[in-house]
Each structure stands twice: as C-alpha cells, then as structure tokens.
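Student: Chains as they are written, first to last, in our numbering: chain A, 1 to 271; chain B, 1001 to 1265; chain C, 2001 to 2342.
There could be a bad hint or two in this list.
What the hints assert, rightly or not - So the derived label-pair ranges between C-beta atoms look like this:
hint : chain 1 : residue 1 : chain 2 : residue 2 : range
1    : C       : Ala2140   : A       : Glu63     : 46 to 52 angstroms
2    : A       : Glu98     : B       : His1248   : 27 to 33 angstroms
3    : C       : Ala2118   : B       : Gly1018   : 49 to 55 angstroms
Just so you know, these hints were derived from the structure itself, not from any lab.
For each residue, glycine too, the CB sits at the ideal point set by N, CA and C.
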Amino acid sequence: MSSIGDVVIEFEHVVKTFHPSGAPAVRAVDDISFQIRAGETVGLIGESGSGKSTTGRLLLGLERHDSGVIRYRGRSVDEMDVAERRRMRTDVQVVFQEPYESLNPRLRIGDIVAEPLVVRGLGDRTERRKRVAERLERVGLAASVMSRFPGELSGGQQQRVGIARAIVADPRVLVLDEPTASLDRTIRAQVADVLTQLQTELGLGYLLITHDMGTVRRVADRALVMLAGRIVEDGPVEQVMNNPQADYSRLLIGSELKPYPPALENRGDLR
Amino acid sequence: MSLLTVENLSIDYHTRDGDLRVVDDISFHVNEAEIVGLVGESGSGKSAVIHAVAGLPRNVIATSHGRVTIDGSDMLTAGHRELRALHGSRIGFVGQNPFGSLHPTLKISTQFHNVLKAHGKTSSRRESFELATETLKLVGIREPERVLRGYANQLSGGMAQRVVIGIAAVLKPRFFIADEPTTALDPTVQIQILEVLRGLRESLGMSILIVTHDLGVVANYCDRMLVMRSGSLLEQGAVRDLFSDATHPYTRELLDVDAHEGGQL
Amino acid sequence: MKRWGGFLLRRLLLVVVSLWALVTIAFLLVSLLPSDPARAVAGEYATDEQIAAISAELGLDQPLWARYGQFLGELLTGSLGTDIYTGDPVAAEITDRLPSTLELIILGLAVATIVGLALGAVSAYYHRKWQDIFSGGVVAVLQSLPDFVIAVVCLYVFFHVLGWLPGPEGQLSITAVRPPTVTGMIIVDSLFAGQWDTFWDAVRHAVLPCLALGLALGALFARVSRVALREALESEQTRFARACGLSEGSVLRYALLTARTPILTYGAIMFASMVGGTAIIETVFNWNGVSQWSVQAMLTNNFPAIQGFIVVAGTITLFVYVFLDVLTGVLDPRIRLARVGR
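One chain only, chain A, in its complex shape (with noise of 0.2 angstroms):
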C-alpha cells in the first residue's frame, strides 16, 4: 500500500475492565499488545463483546486503561503533562460508524469540518475556510458542498464530511470505527479508496474497527482478531485473511459467505 514508517501508536499489555452496578465485573480488554506504523492500518477485527471498540475509545482517550501502557510517538500517556496530552487528541482523530448521527443536522458543512479547528482556536476566518475547502476536495467532493445541510446529502458523501472532519486539523493517526458499515456496497468501495489515498499522500496511521472483512481487505496492511478482550491472531492481512490460524479467526473467517455460488467455486474468470 502506502511507505510505513515508525511507529506512532504503541499498547503494551493492556487492560480494561468494567464495573456496571449489580453485575460482575468485565475485562473488556484483557492483556492487547500490537503497534500502528505511520502510514499502516491496522485492521482489529472482531464481533460485539470482542473488544474491539473498547481498544478504539482507550486509544482515543475516551477511556483510561488500568494497567499497561499506551504509547504515543515513544511516550506513554501515564507520563504525558497536559500540553502533550491535548496534542495527542489533537493527533488522534475518529470517524463513526453512522455518518448521519455524527454529523449536527443543523449547521452546514463548512462548520461541520471547521469545528475541530475553532475548537483548538487553530487559524483565522479565512484560513480556516481554505483548509475546510481543501479537505474537501481531498475526500472528493466539491468546495461548494460547504454551504450545504448533511440531511441533503447521500450516505457515502455523509462519511467522507465524516472523514474531511477527521483530518482537518492534521492528525497523524485516524481511528475508523466501522467506517462502511452503514454505507451500499459501491459507495463501501469508493469509500475505502478515499481512506487509501489519504493515507498514502498525508502518510496517516489507521486503526480499522470492523467485522467487514471486505473493508479489511481493501485497506488493511495487518489484522488484528480480538475475541474476548484478547488478541488471537496477528499478522499481514493476506496471511491472516486468507490463512488464519487460530480456531476462532477460522471460524469468523470463514463465515465470511463467498460472493459467488459454491458451484462455480473452480471458475477462474470470476475476476
């Protein structure tokens, strides 16, 4: 895919363990280690109650882990003053799953995208609105979508506003939590391309949340399967997507229905 770097993103045994009231105790995350390269995504597959989005809200600071250590460019957050602490937020960004929820129905796209600059009081009126445009047109669509309302626009243009949004302020890690996953097949594709090119061109590391192995596929340079809090498998994405090892990533693996009848399993021109 793209040239991969250093590592940005480091978790060393992390855990996460819940308390809701009345019921016992859960370890969402329970003992995860793995990296993110500048320029590498990283595919964490998994179903509900896998963990997987647990891992994507600890890396985002949306939750503080319990024992182990997350690091970011080699520092770990325990350590981190508060200046550095906001500049990892600002460096870690997410896209949601559903791009209509995520978007404010009533303020237009221009100060969708703009938030997170006005937020962190980055850049004037008119630099704002230039890099707003040029985010823009980065994601594929037109400047002139700035004046519009997210109801008037299509699912697939929805989450690349989503996206837009995410890396306006120049993150250097996108946490994509089920990025296509309430988008139609087609847009999925078109969708996935945009994530590739971005990051080739702004060499971006990418955590993908998802249990569409499609999606993984098309982006992913390693997967990750998380069962139960754990890891089970790690490795290079056609390694794990074509040869998983561990009984669980066979079964989810496999479960993934051929595109194509069993019939005509032998037929090479289904291309």
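Please arrange chains B and C on chain A, whose structure you already have, making use of the hints.
Tutor: Frame of chain A, contents of chains B and C only:
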C-alpha cells in the same frame, strides 16, 4: 407452481415535495419452496416492493398499480380484514433489527400468545406456550422455556432474531419475507440465521424472499435472484446463471466489487 | 435482589438529604421576605412599641441561626409552627385542608388522563389526517385557555344555563351532613359512613371543579402522549405486530405499553405541581383546599404558614418522584434485568 406473482407493479410515493415513482413496472414470481434474493442498494425501490408485497402500510402516502398475488389473494386490493387474516398465517415477515421488532416490556411467551390468539389458533396460555416451545426448537433455540419466560433484552442478537423468526413462523405461513435479516448481526451469527431460514424451507416447504445487499447471502443461500436499481428490475434469473453470465453492466459492477473484496482473489 | 437493596437504600438516603435541604430552603426563603410580618399583624395604627412587642412574641428579634434551630426542633416534634393570625397550629390547618385538595387532584388527573390519552391517541393514530388536525385544534384551544376561564365556562354552561350541577358553593351544599372524618376526603368518608345522600351531594359538587382541572391538564397530557405514541406507532415494532396479524387495537395497546414511561413521568410531575397549583380552581369553586389557603398565607405574609406549606408540598413532591422511580423500575424489565443469554 408460483406462490407469489408480481405483475407490472408500479408504486408512486406522494410527498410534500411532489410525487416520486419509486417502483417502475416490475414483474417477477416466487415458486413454492424457493428462496429468492432481492438485491439492490438504497434508493433501488426494494423496500417499497417488499412492503407492497407484504401488504404493510408505510409512513408515506402511496399509490400502487399492477397486481401482486400471493396464494390467490391480491395484496394490493385486499381489505384490512383480509390482509390481517393473511398476515402471520399465510405470510410471515422478519425485519432487520430484532430488538426493534420484539416488544421490550412483554414476556416472549406473551408475544407468541397474542399472535396465536389474534388468529384464533389457541384457547389457553398453556397451549400457546407449548406451540411456542415447538417453534423455538425449530429455529434452533436450545432452552425454549427459559427464553419464553424472559424478555427481549435478555437475549443476544442472534437469539433475538431467531425468536422473531419463530413468532413470524409460528402459524407456519407458506410465504416468508425477510428484510435484511442478517445485516445487523455479527458475521458468525449471520450464517446461523440463514441456516435457520433454509431449515424452515426444508421442514415447512416455505418460500422465502430475502432482501439483501450482501451478494454472499444470495450466492450461497438463494436459488434465484432479482437485481433492482432506481425502481427498475434489471435482471432476474437463477443465481448460478447470473453470477457467471450477468448481462447488465450494473450487475457486473456489483459482482465485481464483491469479487475484489472477497475470497482468494 | 442485591441490586434492589442497593438501589432503594441510595434512594432513601437521597430522600433524607433532600428533605433536609427542602426544609432549610423553606426557612431561608421565608426569612428573606422583605416585609415585616410583625407590622402586618399589628396593623396600620400600631405604635413602634406594640410592633416591637409582637416581634418579640413571634420570635422575630432572635438571630437567624437561633430561629433556624428552633424551627428544626419544632419540626422534629411534628410541629410546623403557629399561624400568626389565627393562632392555630399550622400543621392542623394543613391537615384540615389537604385531603380536599388531594381529592381534587386525584379526580382531576383521572379526567386529564382520559381526556389527554384520548386526544393524544387520536392524534397519533390518524397522523396528519383530519382527526389529527381536529384533535390538535381542541388541544390548542384548551391549552390557551387559563384554568379559571375553563372553570367559569363550565359553571356557566352546566350550572347557570342547564342547571344540572350545583354552583360554586364548595364541597357540599349547606344542608348536607358532613360525615365523620376518616381520611378527610368527603367523598370517601361519606362512603365509609354509609351516608348516601351526602355521598351523592359531594360527588355532584366535585364534577365541575374536577372537569375544569381535568380539561386544563388534559391538554398538556395530550401533547406528551401524542409524541410518545407517534414514535411508538411509527416504529419497527408496530410493523412487526401488524405483519403477524395483530389487530389495530392490539397494535395501539403495544404502543401504549412502550410509551408508558414518559406518560407516567409526566403524570407524576403534574400531580406534584398541583399541590398548590389548584389554587385558582379552589377559589372559583369555594373549595376548602390547601392551595388557596397557601396563596392567602403568602398574600398576608403569614410566614409560619408559608414555611409549613413549602415543607409539606415539597415532601409530597419528593415522595411522588421516589414512587415514580420505583414504579418505572418495576415496570420496565430493561432496568430490572441484566443480560443473560449470549
């Protein structure tokens, strides 16, 4: 022998912004004990088609033209009473989100009982309980009594969807419509649910019309498929034939997308 | 079970703390009133010495914290102080009148629920059709009319013009025999005593005020239930119910069950706010309730009475909310039961 016949069906939606032709003159049929997949992206009109076929009202004012016949009854012209008699007993319907379909505060057994009572097929709660237990076993639930005594929020996604299928199938309808039945579920569970549906075809001789956007579902579980786009039916035929010799460029495009993302390609 | 215990304990602790806060706020609010009660009691022509004497008698010359301590002490012995005009214990004055107000509120809310749910259900079910518009119009009219206008209109139509019901002479006609006090609510007490004439008399006198209150509150109820029912009727749950052949009546019943919580919540809020909120209706119909008494107390600076009323009304409100919390928890299995199957 066709169970469902759709002839020249057109549907117009009347909204505040004007009229929209969402389905344009489509015709197809579903035979006995056949599983047919209806494929289309958003805006294709597939939602409108199945709601018309199922005889279910939508939150829009719509006019339909053409004929939709299920087992002899015309779904477009049937009155309320006739439709209500058909719903559940001859036509089953399952949606995407099981937790949206099940009632949150009523026991599962009560929900079964209400359906059976509405069709006069039960005379006591005890009887409903027994019928429900049998049906839940049929859809692969191992502890039916426990599930029946509980509530929807105590179930996992897969179990909840099985319960929904159970309630929809308790009166053994001959025709079943499943609207994206596996989209909201985890991958390992999806196959289980599709196997349940296939199992119902085997044991009850049901015909099933599955609406999906997942070609893997169509490829592995359907006998025939229909491809819709922008209100029109682009292609229909045996799955095997369409996958190897699809003629419409749109169908090829759909197949192509999946091919890139799936399997050893 | 363990879950229930913890929940209730926390709730009770909260109630105790809230009660203390309520009592303290009641005291502070009243002691911050600008006018001087001693002067009001003494009258226009009193001399300064007389005012000072009354002030001392009422304990107004004491420092704030001392008065607060005295107030708390009296509360713990069950006393709410003494009415500065009549000399009667405030607690007695409230317990005399509270049952009548509760009678009004309970019956009025019953009417409001029926009216509100009916209007709301019609609006929700016939969304955007003529029934919805008509029902919405009725609600709009009722909502824009102040409750005393509704009350006076009811009186005019049913008493003055049609003569079907008695006029604004309170809870009973002058010649009626009051039943021995059990609950304080005349309708209930006359039933207990077997005094049928009194019972019917009381019922006839209650119809108009409860109708007026019910119509006024029903409009608000209708709006809440309309929204809640609309959402339930447009849901996937309704589609599935219809797809299984359930009748429209069952579908509506299912929707009502789902919409139960917001409707109950609103009902509880209305109940609590009506203790004191029925003042106008009580005044129009000469109903001897605690709401209009409390307004009188406020107008005459009767500070012990005001304090006592705030404490009682606040306590009722607190307990209504706790009851609501518990009831919602019991009714909704999602709150009660955790996930089991996986």
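Student: None of the hints should be skipped; say for each whether it holds.
Tutor: Hint by hint, here is what the structure shows:
1. Ala2140/C <-> Glu63/A: 46 to 52 angstroms: Between Ala2140/C and Glu63/A, where Cβ atoms are some 48 angstroms apart, the hint holds.
2. Glu98/A <-> His1248/B: 27 to 33 angstroms: Holds, at about 31 angstroms.
3. Ala2118/C <-> Gly1018/B: 49 to 55 angstroms: violated, 35 angstroms
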